Structures are given as C-alpha cells and as structure tokens.
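Participant: Based on the hints, put chain B in the right spot on chain A.
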Amino acid sequence: MKKNIVPAIRLTLVSMVFFMGIYTLVILGIAQLAPNKGNGLTITQDGKTYYINVGQSINQDKYFWSRPSAVDYNAAGSGGSNKGPSNPEYLAEVQARIDTFLVHNPGINKADIPADLVTASGSGLDPHISVQAAKVQVKRIAEIRVLSEDTLLQLIQENTEKPLLSLFGTERINVLKLNLDLDKISNN
Amino acid sequence: MNTEILGVIFMYALVVALAIPLGRYIGKVFSYQNTWLDKIFNPIDKLFFKLSGINPEKEMNWKQHLVALLTINLVWFLVSMFTLMNMSWLPLNPDGNPSMSADLAFNTSVSFVTNTNLQHYSGETSLSYLGQLILMLWQFISAGTGIAIGAVVFVAMKERTTEKLGNFYSFFVRSCTRILFPLAMIGATILVLNGSPMTFKGKATTTTLEGATQQISRGPVAAFVIIKQLGTNGGGFYGPNSTNPMENPNYLTNIVETASIFLIPIAMIFAFGFVIRRKKLAWTIFGVMTTGFLLLVIPSIFSEMNGNPAIAHMGIQQNMGSMEGKEVRFGPAASAYWAVNTTCTSNGSVNAMHDSMMPITGMAALLGMMVNSFYGGVGVGFLNFYIFIIIAVFISGLMVGRTPEFLGKKIEAKEVKIAMIIALLHPFFILVGTALASYLYVGNPAEYAGWLNNPGYHGFSEMLYEFSSASANNGSGFEGLGDNTMFWNVSTGLVMLLARYLPIIGPVAIAGILAAKKYIPEGAGTLKTDTGTFGLMIFAVMFIVVALSFFPALALGQLAEYFTLY
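Residue numbers (the numbering used here), protein chains in the order written: chain A, 1 to 188; chain B, 1001 to 1566.
Excised from the complex, chain A in its bound form (with noise of 0.2 Å):
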C-alpha cells in the first residue's frame, strides 16, 4: 500500500488535469461552433427570446396546452411523478386531468383524449406533445380565435416533425412552435 499510494496520487492529479481539464475545455471549444455558442437552442420572435428544447406550461385555453408537468416545468429542478402505474392517488388525479379538460373543450368524446396529455413525463419539462393531442385542442382554438378548423389542421401539419430519417421514432409536435405559429397567423 505504502508503495502505490504516493504514485495513486499523482496519477490522480494528471487524471484530473486530463479529463476535468484538457477533456472540457475541448468539448468546450468544440461548442462554440454549434447553435448559439452550447447555450441552448433558443428562438426569437416579436423580440422575445425562448429555449427551444424546454418544455413551458401553457394551459390557457387560447394557446395549444402542453404535457401535465409533476414539477410545474421547473426548468431548474426537473423531475418526474414517480407515482407507480397502479397508485390509487395517481389514478384519481388522471381522472380529474381527463374531467378538466373536458370542461376546458366542450364536444370532444373521450375516447379522442391521447394519453399523453393526460399524464407527467419524465423531467417535467417535456417540449412536444403527440399529433393527436394537437388535434384533439383544434375545435376549443378555432372558436376562441375565430380560425377555421382546416387551417389549424394545415398547422398542425406543418409542425409535425416526422420520425428520424421518416424510419425510427415517434412523430411529435413542438408545442411552443405550435404556439408561435399560431400567434403569428392570428394575434389572438
């Protein structure tokens, strides 16, 4: 032991040197080529700034709603519900997430509801919602802003992105695109 400890030391030290140091700064510099210097994608419009890749909370009824959030999309400490698949608690608070939003979209069946507004995802912080969901909001959007429903739909369309090279993955729909699409053809 005597022997190793002094050079386990010093191989700590050219480790930290190497992989806190040379490793990062490396990775670093490599950054500020990408989008906005490593800062995070954000987009800009009417002069406001927004991150791309952060899920927000929007539940106003003139606006698409995105995901039920466990952690009220705290971009600053996110997290999941961790409630299990069988938790009574859980079930009943679905239940009620279902019950909103009926109230919120009169003449929608239930059975059009997706799953994925009605349940947290895992950070908390969840940036798209499903096509269906999208859909499902379009009858409550085009009353309140007085848009047809077909145009809505072309929107819809529009912000659909499509599976990884149309082969591997789920379709999806950024929200806050959806919404920033939707206040330009209509400044609510």
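Heads up, a few of these hints could be off.
Stated by the list, open to error - Reference listing, derived: stretches of chain A covered by chain B, where coverage requires no fewer than 3 residues with Cβ under 8 Å from a Cβ of chain B:
no.	segment
1	21–31
2	39–52
3	143–154
4	161–175
Just so you know, these hints were derived from the structure itself, not from any lab.
It should be emphasised that the depicted structure is a prediction, and the values quoted were computed from it without experimental measurement.
All residues carry an ideal CB built from backbone N, CA and C; glycine is no exception.
Facilitator: Relative to chain A, chain B alone:
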C-alpha cells in the same frame, strides 16, 4: 413496420455492428499490439506515467493488482468527500449551490467511485460545476478501473502458466485514454451539435409564452452526459437524467446515448475472444447474454406500448402506450428498451421514470440488476459472468464425472468456494437490505412516511429496487423513494462499497490462482466450453441462482402489482 420498433431494432443492430470492431481494437490495446491511434496516445500515455512516477512495464501478480486498485480508489474517495463537502466556497459555483452534508457526500462519493451513480441528490440544485466536473472525472476513471481489471482477468486466462499479469496502471491509463476518451469526444460532439448545453454560465432566466418567469439550468452538460453513458456510470447532470431535454434533446441523441450504454460491455466480450484467441467462446458468451437480454426486453417493450390498463379503463386513447414518466420524443418503445439496457449493464441512467413503468418492465429492470451480467458493467460485468462460468464448469464436471477444467486449468475447491461466496453475496445484500428497510417501515410507518411515494406492492418494490440498484452498482432507482436520509445514504453506501470491491477481488483471485496452475492442453476428455450445450448450462446456472434467490421478493412486489392491474 412501426417506426418506434424499427428505432429499437436499429439501435441494437448499430451497437453490435460497432462493438465487433471496437472489441478487436480493445483486444489490441490490451495485447499491446499496434493500433492507428498509437501516434496520438503513445506520447500522452508516456507523459501520464512520467508525471506519476510509474513504470508501466513492471508486471504485477494478482494481489499487487488488487492493492494498486484499492489504493487509488481510496484516494479518489477522499478527494471526492473533500470537494463535495466544500463546494459552496470552492470556484465554479455560479448558481450558489450549497455543500453536501456528510452522509450525502459519503453516499455520493462511494456511489461515483464505485461506478454506481446512485444519486440521492438532484444535480441542478445540489452541485456546483466543480462538483459536476469532479464527478465526471470519477465517471472516466472508475470506468477505466473496471475495464482495466477486466483486462487483468483476460490476460490471466491465456494458455500459459504465470504469476505475472501485466501492470495495473498501464491497463488503467490505456482504458481511459485509448478507449473511453476518443469515444467520449465523438459522442460529446454529436450531443453539443444537437443542442445539449456546454457552457460555464449559470441559469438562464426567460419569460414564457404566457408571461411567466422560467429559470433554466445549464452547465457543461454534453461532456458529462456522454461519459456517463459510455462508462456504465449512469449519473445524470440533471436530476431526472436523460429524460431532461437538455441531456437528451432528440431521437438522434437518444440513439447515440442508448448505443453508448451497450457499446463497451459488448465490445469487452469480443476483446476477451481476441486476447485469449478463442473467438468461438466469445460468441458463446455473447449468445448467452443476448438470450437473457432479449427475454427481458421484448416483454417490456410490448407491455409499455400496450399502455396502462387502469388508464384504458378511464376510456381515453393510449395509441402511443403508457406515457406517465415518458417523453413524447422517445415514446414507450425506446424508453422500455433503454430501461432494460441500463439495468442489464449496471449503467443506471434513464430516459423515462422506472417508477412509473408497467409491472412487467419494472420486473425486467429488477431482473437485469439481479443477474447483473447480461453484458454487465464495463469490465466488471464480464467478471460477474466469469463467476457463473466457474460454477457451471464445476457443476458440469460433477454431472459427467470429469475433473472440472476451464481453458486448460483445473478448477478446484478453493476457486469454487470463492465463486459461490461471490454469487451469493449479491442476493444477500439485496434481500437483507430490503428486509431491514421493510421491517423499519412496517414498525413505524409514521416516522418513515417520507420514504415511499406509492402504497402497497409498488412501495415494497421501491425499497427492493433501491438495494438491487446499490448492490448491482447500477444507480437507477424507483425514484419516488425519499432516499436522502441517514438510513438510505449509509446503508446503500455500504452495500455499494462491498458489492463493488468483493466481486472484483473474488474473480481476480480465481483468475490469478488459475493462471499460476499448470496448463493442461485440451484432450478428448476435456469439457468443451465454447458450445451451445455449455452456453445452455451457464444460462441454467444463472436462472437457478437468480430464480431461487429473488422469486419470493418479486412475487411480493411486481408480480402482485401485475395481478392487481390486469
């Protein structure tokens, strides 16, 4: 075909396609053969040894390897304790995060030095950037430790009689610089170009669409995330790990991160075949591990894609599947796939919350950790599997009435005793820990009310999962468990320590003892170990050990929950 399933198939095909050449490369690194990266890394390694005062050519026996490993790990633990308990005044703390309490720092230090990354804290509120960087250092070098000690066992299995098994520091530095570092560079570049942050600025403050204020945690995320994936570490920069859109922004990064979980563990099998020149044995091992993995992953994917029956009962649509704790950009298939990847390999990162998964998936995740060698952690997964091989050789020998031999070495009482002790330690830690926690909880549910986030069977599973994760050096959790308490910090801390080092010491001792024995060339009477029959034998041994140990606990938790839901 469904694009979600295609994505999963693609990820597996990609990882195997990359692991075969990488395994060959790793084999060359540990056989000291020339590779095309020598030009860059020969001078770097030389500098490492010169500055550390180490002679990398001095060969060690198995005991010297273990002393070197344990000594340097102790140094890391002490450095880690000091840093985590003094973060508040040390540099690189733009968000003003506090220092850790002693018990949390103990748990966190043990956790990262042992390659577990069981996180009882949340990164964005509990760590300064210096704290994150020091943990990132452990992610590199604890993984390097695992790979290096795996290499020692490989070298010990060569066809010869010797006590000299190479130099530990040399294997260690080569693992870090020649294997982990280049892969991390490639991965981090992909992440940063896809929008994962890499900055030393503090939180960003923005106004949301609806006019609310939102603070957004940032930091050197990309550099950290990739090594957490590659080194079977699993500790996220952010609390909810790779569910967080900063850690894992899109499906492409999800492919990179998922592939990184399996890449080195699978490559190590082929590296083993290369070092001891027995490709067929490597494929047999790969076959056994893959069979086990598929048996866990296929039911999990289907169970998640079919959704939660209790929610189906409410009459809404679950076209995507079960979505609680999952991100829309990954979907249930890729989430279930990741969950089984991460638990089979002792990685422990997540891209969806395991606590909210269906009972079958939760059980598959638990089984992955209970077996802990379907691919397994970098280096150490192979060591765990080696124990099962020794036991299988011994039992097969008894069945056919031959002296048990493996790779030309006689397996005798001492080796089998060590193997049995190591094989039984894992169930011992998990079951005794869970029993103790359950006893405390049931005795005083009011005092420990903060522990469980879910009632009933699922609550029991939260405790079982935590000890399985600690003992498997995994690090994922049924994160509803309120685990930042004295009991959980200390108990899981001790389990992680013992469950890391004893299963390293045991196999290295066996391999060292066998290496020193006389080499007997294969004859007509030798039990062939590179056949399907022997593969089946290993699988049967694993199945029996795991099923007998864990079935009652699984029946009380996940199985009982399954039957209440369906």
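Participant: Is the listed coverage of the segment 161–175 of chain A by chain B valid when you require three or more residues with a beta carbon under 8 Å from a beta carbon of that chain?
Facilitator: As far as the segment 161–175 of chain A goes, the hint holds, because 9 residues have Cβ atoms under 8 Å from chain B.
Participant: Please count how many residues of the segment 143–154 of chain A have a CB within 8 Å of a CB from chain B and say whether that reaches 3.
Facilitator: Violated: only 0 residues of the segment 143–154 of chain A have a Cβ under 8 Å from chain B.
Participant: For the segment 39–52 of chain A, does the count of residues with a C-beta closer than 8 Å to a C-beta of chain B reach 3?
Facilitator: holds (count 8)
Participant: With a Cβ-Cβ cutoff of 8 Å, does the segment 21–31 of chain A contain at least three residues near chain B?
Facilitator: Result for this restraint: holds, n = 7.
The structure is inconsistent with hint 3 alone, although it conforms to all the rest.
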